[in-house]
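Position 2 (the sequence shown) corresponds to 1 in numbering that gives the first Met the number 0; numbering is contiguous.
Hints are computed from structural coordinates only; laboratory data are not their basis.
Any given hint might turn out to be false.
With a straight-line Cα cutoff of 20 Å, these simulated SDA-like cross-link-like pairs (lysine to any residue) come out [to be verified]:
| # | residue 1 | residue 2 |
| --- | --- | --- |
| 1 | Lys33 | Gly70 |
| 2 | Lys33 | Leu74 |
| 3 | Lys33 | Ala23 |
| 4 | Lys33 | Val66 |
| 5 | Lys33 | Asn49 |
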Amino acid sequence: MLPYVDIAIAAIFALFLIVLLGRAIFTPLRWFFKLLINSAVGLFLLLLVNFVGSPFGFGLPINLVSVLVAGFLGLPGVLLLLVLSFLR
Numbered sequence: 000m001l002p003y004v005d006i007a008i009a010a011i012f013a014l015f016l017i018v019l020l021g022r023a024i025f026t027p028l029r030w031f032f033k034l035l036i037n038s039a040v041g042l043f044l045l046l047l048v049n050f051v052g053s054p055f056g057f058g059l060p061i062n063l064v065s066v067l068v069a070g071f072l073g074l075p076g077v078l079l080l081l082v083l084s085f086l087r
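Generate coordinates for the entire structure from the input sequences, incorporating the hints supplied.
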């Protein structure tokens, strides 16, 4: 066997493990930051709808369900809450 083949195989295996470990660490962090941004945008939009709609007698109730929907879904969640409030 060539003298450096085993070192090259070990280096390739170590690189594979580093990439695998990096994906295992950064994928949940990416999901967490996406959820954090969606939560901030959803809460901001929920408050904005209430602030803009209050002079017209329109508002979305701020309760646990509406905050969770707006937090998890962001802009689509607030739009869903608006559509559901118009249907009511």
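Now the hints, each set against the structure:
For the proposed pair Lys33 and Gly70, the alpha carbon gap of about 11 Å is at most 20 Å, so the pair holds. With a C-alpha separation of about 13 Å, the suggested pair Lys33 and Leu74 falls inside the 20 Å cut-off, and the hint holds. Under the criterion of a C-alpha separation no larger than 20 Å, the hint pairing Lys33 with Ala23 is consistent with the structure, at around 16 Å. Distance hint between Lys33 and Val66 is fulfilled; the C-alpha atoms sit about 16 Å from each other, no more than 20 Å.
Distance check on the hinted pair: Lys33 and Asn49 sit about 24 Å apart at the alpha-carbon level, beyond 20 Å; violated.
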